[in-house]
Amino acid sequence: MKKIMKAASLGLAGVMAMGTAITGTTQEAYADKVELTLMIQSPVDPWQEELGNMVKEKFPEYDLTLKTWDEGTAEQTIKTAYAADQAIDVVGYWPTYMKKFEGTGIPMDLTKYLEEDEAWKASFGESALEVGTTDEGILAVPVNTSYPLFQINKSIFEEAGIEIPDEMSWDEFTEICAKIKESGKTPLSVQSDWAAWFVRNGLMQCWKDDAELDSFIAGEISFKDERVVKAIENVADLYNNDYVYPGGKEAVTTSADDALSAFVNGDVAIYCNVNGNSANAADKVGDKFEIGVVSWPGMAENDEMNHLLGSAFGYMVMSNTKYPEEAVEVLKYITGDEVQQMVADKGGIVVNQNVTSDDVNYQLYSKDADKIYPDEIINLSSEIFDNIVYNQPSNYLYNGEAAIDELETLREAAIAK
Amino acid sequence: MNTKTKTRLKMPYIILCIIIIACLAVYIFPLIFSVVTSLKSSEEFYESIWALPKEFLYSNYIEAFQIGKIGAYMINSIIISAVSLVSIQVFALLAAYALSRLKIPHVEAFLLVLLLLQVLPTESVIIPLYIIVSKLHLLSVPYLATILGYVGWSLPGTIIILKNYFDTVPIDLLEAARIDGSSEFQTMTKIILPLMKAPMVTCLIMNFTYVWGELMWAQVTTLLTDKGVTITVGLLNFQGQYGTNWPLLTAAIVTVIVPLLIIFVALQKYFVAGLTAGGVKG
Amino acid sequence: MDRKVKKKGVNRKIVLAGFLFMLPAFLIILVTIIIPLLWNIYLSFCEWKGGGTPSFVGLANYIQSFTTKGTRDAIAHSLFIGIISTLVSVFLGVGFALALYRIKGKLSGAARVIFYSPSMIPMTVLGLLFTFIFAASDKGLLNAVLAAMGLESLKHAWLSDRNTVLWVIAFIQGWRSSGTIMMLSYTAMLNIPSSLFESAELEGCGFIKKSRYIILPLIKQTVRLALSMTLVWAFKTYDLVWTMTQGGPANLSMTAPIMMIKTGFSYNQYGYAAAIGIICTVLIGLCIIFGRSVLKGENYEY
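Residue numbers (the working numbering), protein chains in the order written: chain D, 1 to 417; chain P, 1001 to 1282; chain A, 2001 to 2302.
Note that these hints are calculated values from the structure, not bench results. Backbone N, C-alpha and C define an ideal beta-carbon position, used for all residues, glycine too. Incorrect hints may appear among the rest.
Stated by the list, open to error - Footprint (simulated), chain D over chain P, 3 or more residues, beta carbon under 8 Å: (1) 1025-1039; (2) 1225-1238.
What the hints assert, rightly or not - Here are the in silico distance ranges between beta carbons for each label pair: (3) P:I1075 <-> A:A2144: 37 to 47 Å; (4) P:I1078 <-> D:P46: 48 to 58 Å; (5) P:S1059 <-> D:D405: 34 to 44 Å; (6) D:P46 <-> A:G2291: 52 to 62 Å; (7) A:A2144 <-> D:D337: 49 to 59 Å; (8) A:A2144 <-> P:F1056: 24 to 34 Å; (9) D:D375 <-> A:W2167: 36 to 46 Å; (10) A:T2067 <-> D:D345: 50 to 60 Å; (11) P:I1075 <-> D:N399: 21 to 31 Å; (12) A:K2220 <-> D:N399: 55 to 65 Å; (13) P:I1075 <-> A:Y2213: 29 to 39 Å; (14) D:N240 <-> A:A2144: 36 to 46 Å; (15) P:V1026 <-> A:T2053: 21 to 31 Å.
Given these sequences and hints, build the entire structure.
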């Protein structure tokens, strides 16, 4: 009996408390303060705390709620919020992946704000804004560019007697892999979700000029074209020749920590990494060996076609925001010179043209930025995106030609729309 | 009883103990792994996943406490758990008793439906429920929407389990009470509950584990606010775009699990055999 | 035995009390589960992109589910994981419960806590741990142990091999929920009055005989219940699979919940995702009905 009484009184107290809370908050709603929710801080980034502080200082008149941005749940939370007509006013997302919101109407078109503020628009440089542009407008703006590169263990190269190149063609690359393998070490390690970079880059580099590439990206060239198949096969060969840690086609499932750990321990010669994460990996290696940075190998015969896939992280505004003007103001501030200089000083690689940095690493990790090509075949449809970004080269390694057929079906479905 | 003390030393008993201890080693491994990792530095961790830490970096715990905002969030988690658990227990008890002994028609079909209601993955239920709570303006009240979800999703399971245990109480007992003029409520509290300590504690532990560790709903309901954020959401602060800070994350996790373990250990006294036996005699 | 006193008034009072007792629970379940379920059923016949209004498409989503190999495979994988892991966790859970019932004392208490602990540890850490245990390289703990024991030939790429990946996932899920089954079974055993053991002890029965003839039959009801509930939970396995393999490689370990999230959130096809969810619900329902009729037994009161 006592237990029930306790439970009942707790319940009653709870209901009473909530009653007071409800009446309390409805009164609050009559205040005029601009309330903004910002999900712009990504954990582990060295500048994220300062970013929050700067925004709060700059806009004391706004009622700001700062939420942590999480990669794993970002898409779900944005779409769930929109479904219930709630808005995260400024939220981080990759401008290059705006395709994922196609047809949903979720990101707000920023074109008119950019046209109005020439200085702001110019700070992004000539082509950076293209990445966030779709048929529906400029849906997001970039703040940093990421692209893939190789971090190499110089000692292994030296011991195997290999000259460290600045750039490599695909053939040079496979030769180097063979030599490293002979010397007893594993040539390269790449984590499962980054293996697709090989395929994505290959699919841009196998054409004779940009016109053909653009045609492919528009879905006009079949996946069964021998150039496409050759590119994919080249990647598959890396696995079939046991060049990828820990060997065999099973290497497609290597976890991020496993891949990094192999590099840190000196078991592999080349570690595939994002430029933005290179400083972090170098940290983990510490003094164990010297690290070099080499550009991604190019499959193209014509060096101009050695494009690079690039992603950019950036911010968007949700279209159902109650305060569009204020949200854009905050957006302008966090992409503006003051904040972006702070980011660069803390090691971030930024897009903003007005930011300078003397840091040696800064140069090193942004030198390939102009090789980035603004569009890829993966943007043709979300199914193709998913297939290539998450399931290649594993699909091809496990299912062979059936994987190519699958891509071809998806392409036909995409252009039929 | 003399026979019992003799059997304690027999071979089969000892072998059984050894087997159990071996199994325990397997089960406790994740906990040990978490603690060991939490005392390492990041570089050490990547050097060797399995090795023991060179120094015991207790500072990881302090750092984790700050980054994960564990202090503030812990209070939220405690409040949400406490209210949820009490509500679940009370509502489930009432419903389970009704299903077990109060002549509800078509009980079997009802139970099957309850069971099936749990099949839909949480992810597909979150959007509609979130739309409902936001339309009802419940989101502005801290904790309410979160608790509502947890109570609703735990009720079917708890009701089914409690009903199952209620069924084992002989109906004669209840009939006798009814004839004596006791109301249903009194019958439930005075006769059934004392016999149901262990099952109720089991449900309490199972629900506590669920509520304490749930992430998606907690994140969604606190999307636009700073209030009522739980520690599971705080754990996200250790996972960056390019990898997780494992030593700090495991330190935070150990901090988060410890209350669970303490409560579980404290509740073990309800699991001694013989406490509930003998309720039938006489 | 005296039959119940048949007073119509008393019976009606009892039934009324029954409905009143169920009311609060029913109301909350209505809002949090039933309405979302109805919403999903409605949505499964529509196309919806997450914004705007859904448009009715009839059975198109269902037809697509049955004709798409990927979806069929995902549902089959979930069924496999559900059934295997349920068997594993019931086997382990009941086994441990029996052992702990026998052992009693402090060891038993400590063991209960430790056996239950896997379900308390967040999946992120378990995922990290198991990825390294089952890693294909020689650094993987399992492979290293096998090599040390001289069983080199048994080394596998556990998480990438078509033949092993689903089994590994099912075993881990079973391991993880065995603690819950153990607690449920153990609690049921506690409810067995010691009087029932008196005659067995007078005859000098050992624990094994006691288990077979007294304990197991009496907890059969609870075990049956645990089986059904575990099947439902195991079928829903999402976080485990996502953390370890993300449904890969090449969709070898794709499960229904992951597929639902992908089609919903990544492809913006919420109607199709809802249809998959409804199909799964119906399938599990059939499994449970089938299972219960197979395991029919008497309900015991004591």
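Hints, verified against the model:
1. 1025-1039: violated (count 0)
2. 1225-1238: holds (count 6)
3. P:I1075 <-> A:A2144: 37 to 47 Å: 43 Å, holds
4. P:I1078 <-> D:P46: 48 to 58 Å: 32 Å, violated
5. P:S1059 <-> D:D405: 34 to 44 Å: 55 Å, violated
6. D:P46 <-> A:G2291: 52 to 62 Å: Roughly 54 Å apart at Cβ, these two residues keep to the hinted range, so it holds.
7. A:A2144 <-> D:D337: 49 to 59 Å: The hinted range 49 to 59 Å holds for A2144 (chain A) and D337 (chain D), with Cβ atoms some 53 Å apart.
8. A:A2144 <-> P:F1056: 24 to 34 Å: 26 Å, holds
9. D:D375 <-> A:W2167: 36 to 46 Å: 42 Å, holds
10. A:T2067 <-> D:D345: 50 to 60 Å: 56 Å Cβ-Cβ, so the 50 to 60 Å window holds.
11. P:I1075 <-> D:N399: 21 to 31 Å: Once the Cβ atoms are compared, 51 Å apart, the range 21 to 31 Å for N399 (chain D) and I1075 (chain P) is violated.
12. A:K2220 <-> D:N399: 55 to 65 Å: Given about 45 Å between the Cβ atoms, the range is violated.
13. P:I1075 <-> A:Y2213: 29 to 39 Å: 51 Å, violated
14. D:N240 <-> A:A2144: 36 to 46 Å: 25 Å, violated
15. P:V1026 <-> A:T2053: 21 to 31 Å: 53 Å, violated
The earlier numbered hints that this structure contradicts are 1, 4, 5, 11, 12, 13, 14 and 15.
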